[in-house]
Amino acid sequence: MRVMLVEDEEKIATEVACALTEAGYLVEIVGDGEEAWFRGETESYDGIVLDLGLPKLDGISVLTRLRDAGIATPILILSARGAWMERVAGVDAGADDYLPKPFHPEELIARLGAIIRRAGAHTTSIIEVGPARIDTRRMSVTVRGRQIALSRLEYRALWYLANNKGRPVPQGEFGEHVYGGELEPDSNALEVLVGRLRKKLGPNIIATQRGFGYLV
Amino acid sequence: MFLAALSIAATLTAAGLLFANVFEDHLDLLIEQDLRNCWLELADAFALDDADKPVLTKELTDPRYQLSANGAYWRVTEDGATILRSLSTWGQDIEPTAIAHPGSTGKMSVLHNPDGSTFHVMEGEVSRDADGKSRIFRLVVALDTSAVRLLKRSFQIRTMLMLAIIGCVLVCGAWIQVALGLRPIKLLRNDIALVNEGRKARLTDEASAEVAPLVTQANRLLAQQESLVRKARERAGNLAHGLKTPLTILLGEARRAEAKGEFEIAASLREQIALMRRHIDRELTRARTFGAPAGGGALTDARKTVDRLIGLLKRMPRGQLIRWRNELPTDLRLRMDPDDFGEIVGNLLDNARKWAKSGVNVGAQMSGNNTCILIDDDGPGIPPGARDRLAQRGERACVGAEGTGLGLAIVQDILAQFGADLTIADSPKGGCRVAFTTSIVKTTKRAGDDLAAEVISDA
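From first to last, the protein sequence lines are chains A and B. Following the numbering used here, the numbering of the first sequence begins with 44 at its first residue and continues without gaps. Following the numbering used here, the numbering of the second sequence begins with 1364 at its first residue and continues without gaps.
Bound conformation, chain B alone (with noise of 0.2 Å):
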């Protein structure tokens, strides 16, 4: 835009100076013309009477002659004495400023007076004979120009005024095309950030006909990418129903071993199911939330999805005697998959369940375009040597607790993909905290962002 500001501008200014210089030179030519005219005219007016005394044979027809200061002036010397003059001269001496060969017409030049008047000057010699000898007289006629000289300075005045709102004009319209040809590629920039933001599912289609082609291809990749991660997600829940149903009945063949009185074997086939359960679990909550974060789009309405958690968990043992409390703020949009942000979230507060003694707190703590969301219990906590190993596989603060051990595992995996870590630290509750990172999506407040979020919360 600059660049076109600048070659406009430069473009006029050439063309003005060209313009002043053109017409400048067209006058200069007129005024010599004009000059030449009235130096024939004169030379041919002036000759030797009988009494070989100068004279002009004719009246000159240039009125100005008769008027004395009156612009026009002619002049015949004779060995550098005035011998004859225009009425006009009154009291101006025109000083010769260019001596022409004989005969000739002369050369023009220009002569500037002290008072800043401006004369245009021609003059050249001519002989006339006399008693048999030739007489050289010279002859000199001038024009006043300084009217002229101000009629230049108007006219470069107006054309550069005129060359002034040309290249306004141009300026303009240069940046009103502009404006408008990259107009679909903003649009597309600001469409783009709206995806990644997880605000829109794709790009909008009513794009200009310049950038549809690119929309349509991106659109088509955010389609693909979408159906691969819903796939695997099937894939992951289908192999579920496909391993955990015979594993389901393995664990009453366990059971009925252990009514038969055979309690090794039961142990055993208890043991080994417990393992491939874990195994099963940690590899499907992977499969889950694999690629996850590179399929952009989702968004989580967090405190809706706490609560719907809380009403599950409500419904689980010890779920009714503790108090649930969720503060986390109603507007606050995570960029996180619902389901990934659920399964994190769900065996956190499920393992505050089995441990808190009255309430379980979820809170968040804002910084930037992150937040914290923290989970507080009042139970007994864990003691600063078992923290780092609890995030291990599938270890388990006490044996004797229900649950497979996995949860804060499956936890670490979720947020790995998401480039988060799980921090355990003491509550002010006097329980356990536990906490984790995430970053959160800038909700302008916008008609129908709302509505965009639950949308995507409840898919």
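Bound-form chain A, shown alone (with noise of 0.2 Å):
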């Protein structure tokens, strides 16, 4: 799972960075407005985490920028106005959640997950494919009751195809919301980490569609 925190308090970000980090999120810091907007119309994120002050371009104009590029990827506001009609209007303008400051990192996480859920429909923070349940607030995945220890990449290529479920996704996408644009393309390290996941999960949970991508 792959977000974009766009957040100009250096220390803030760090913060927050290092609880989504936690949390098994890949996390890219984005220091201000044009720079938001600019990556948020050109990569492709599964949550972006908004503060309305930002230099450059305000926070609602990258909302509603983004909104209006047909962007629907889930974003939440983070910001000190917290006033109900202030967060009112930023839902308005196409928010998907809003969190006044000062916020405890585990709520953000919690929020963020729930909105990154239902933008993959799913009602409930439990995701289940086949013999697996994955818990993603508790960050947990059992086989047949079984605990299963993943590592935080290995949770977090699950956790993304498990959100896209019945959805073949394709190399390039996969790697992107796993890694990052950090993967060269010709590298195997997507088959080998599929390959440790199936080796720990069992063979059949994820699919191999020849020529469109993995699917569970």
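If you're looking for bench data, these hints aren't it; they were derived computationally from the structure. Treat each hint with caution, since some may be false.
Quick list of in silico lysine-lysine cross-link-like pairs, DSSO-like style, CA-CA up to 27 Å [as the list claims (entries may be wrong)]:
no. : chain 1 : residue 1 : chain 2 : residue 2
1   : B       : K1792     : B       : K1720
2   : A       : K54       : B       : K1623
3   : B       : K1421     : B       : K1470
4   : A       : K208      : B       : K1677
5   : B       : K1416     : B       : K1496
6   : A       : K54       : A       : K99
7   : A       : K99       : B       : K1594
8   : B       : K1717     : B       : K1667
9   : B       : K1421     : B       : K1496
Two independent chains are provided; combine them into the complex using the hints.
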């Protein structure tokens, strides 16, 4: 799961990024509105955490421009302006949720998880894939009741596939959401990663559709 | 206006009476002149002939004396006995009413007969010498002036009629002038009422020259007031940003301290941060709402605002599990700033979101110019003993629930600005009912009303 964190206050950005990484996300920090607008339109994210008071371009403008460009990525607004009508205005501008500052990182993670889940049309925090159960709130995976220990990278890969359950995920897209833009096109890292997951979860959970991608 | 009509009526009545009086005096003068001429002519023609018999030496010129009962008469008496009379004094006896000095032309008097006719009479004595001694004759001329009386009455009636018409025209004119003259004031009064009701932000600029300076000044004051309120709110918002970002960083520090195993420091930090946050939130609300009711003008489309709030709440935890029902009437306009209304209802609905089992209702009960907004949930409810305490500063029904526990206190602060209270009761749905009363704007259905209301609520 790849998220963009747009926050100009460095300390908050580091803190939130740290908490999100611990929760299994691949986080990219962006410090100003223009960059956020550019990246939001050109890159593929599973979620965006957007501060409103930003240099160069304010958060509401970023949000409006992204929505006008047809970008449907779930967006969580993070703002010191916490009056109810300010929150309503944020949601009216196209945000999926609004978290007023100061906030506990745990709450941010829960709320971000909720809007990403909703975008994937999942109503609860638990996604079931065959015999496997993925609890996105607790970051835990069980197969037939047995707890499976996964690395953060493995978990992120499984979560992304599970969130797109029923749709084959092409290699390029899969790489972007698990590794960010850092993966070399001819790298076989993804195959290795999927191989490791199949070994831990059992062979029948992740299928390969030749020419289309991975499917759970 | 009444005074103007009264003074016009009084002046015209006085003028009418004066006219009639002048006219009558003038007529009397003419009659007297006429009678005097007749008398002088009679006196001139009256003589004693050679046999000392009284005769008229020449025919009197007035032809009326030749015809009987023609309204003009003369008579000559000596010692009370009639010795000569006009042909027209047929069977009539003119009583002398005044005794004039000998030789004088006499005095005019008015004689009213029992048959209703009126005579103007002039009499006087003349002396004629006969056989060396002087004989005294009384000469009387009379004129039937009944017709003149009718003329006078007719003049009075016509004058009064004319003056009444003039009076009506004058009163109408005065009324039109007053209405036209006071029109700008009346328009201004309506305008002020509209501003007061929040249906207009400013007084109309196209006022007439008389009230234009007043309108300009009032609009300037309104603009100043708005700008003051806006600036106060902006400052409050900036203060929020300025304080909450460092607080978020401090929360991060607390988290790091916890990760390092310094649990006591972390707990103390969190506690102090929570305390600061409460103070900031409450003071921000106070700063934001201060002067809001005085700002006037503002008006909220209640149903639309609640719909938008529900849209937000549905995105929050548990929000989608709850069935939200907005039962407010579509035309409900509240005399309250949309931000303040949003803050009150937002906090109350947020509490309902945390506690409701399956449903939350927002309704309204109208009573005159007020409406009571009711928010019902089917949660566990609040025991009667805890209700008063709950509205107090930052008290919470349950420590385990999320949030700062400040919601109800903020709601109370805002409501206090509008002179209203929050009441907590049992809901017919089984849970808790919170309610507050606020004044509404009576919408006389007029084109543009809805538009105006929407513009304000969106602003």
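Checklist entry - A:K99 and B:K1594: Cα distance at most 27 Å? => result holds, 23 Å
Item to check | Pair hint B:K1421 and B:K1496, alpha-carbon separation not exceeding 27 Å | outcome: The hint holds at about 24 Å.
Item to check | Pairwise hint evaluation, B:K1720 against B:K1792, where the allowed Cα distance is 27 Å at most | outcome: holds, 11 Å
Checklist entry - Can the restraint linking A:K208 and B:K1677 be considered satisfied, given a maximum Cα separation of 27 Å? => result holds, 25 Å
Checklist entry - Is B:K1717 within 27 Å of B:K1667, Cα to Cα? => result Holds, at about 22 Å.
Next on the checklist: Tell me if the straight-line CA distance from B:K1421 to B:K1470 falls inside 27 Å.
Outcome noted: The given pair, whose Cα atoms are some 24 Å apart, holds under the 27 Å limit.
Checklist entry - Taken at face value, is the distance from the CA of B:K1496 to the CA of B:K1416 at most 27 Å? => result holds, 14 Å
Next on the checklist: So if I understand the rule, the pair passes when the alpha-carbon distance is 27 Å or less; does A:K54 with A:K99 pass?
Outcome noted: holds, 19 Å
Next on the checklist: For a C-alpha distance cap of 27 Å, please report whether A:K54 and B:K1623 respect it.
Outcome noted: It holds: about 18 Å lies between the C-alpha atoms, which stays within 27 Å.
Hint check: no violations occur; every hint is consistent with the structure.
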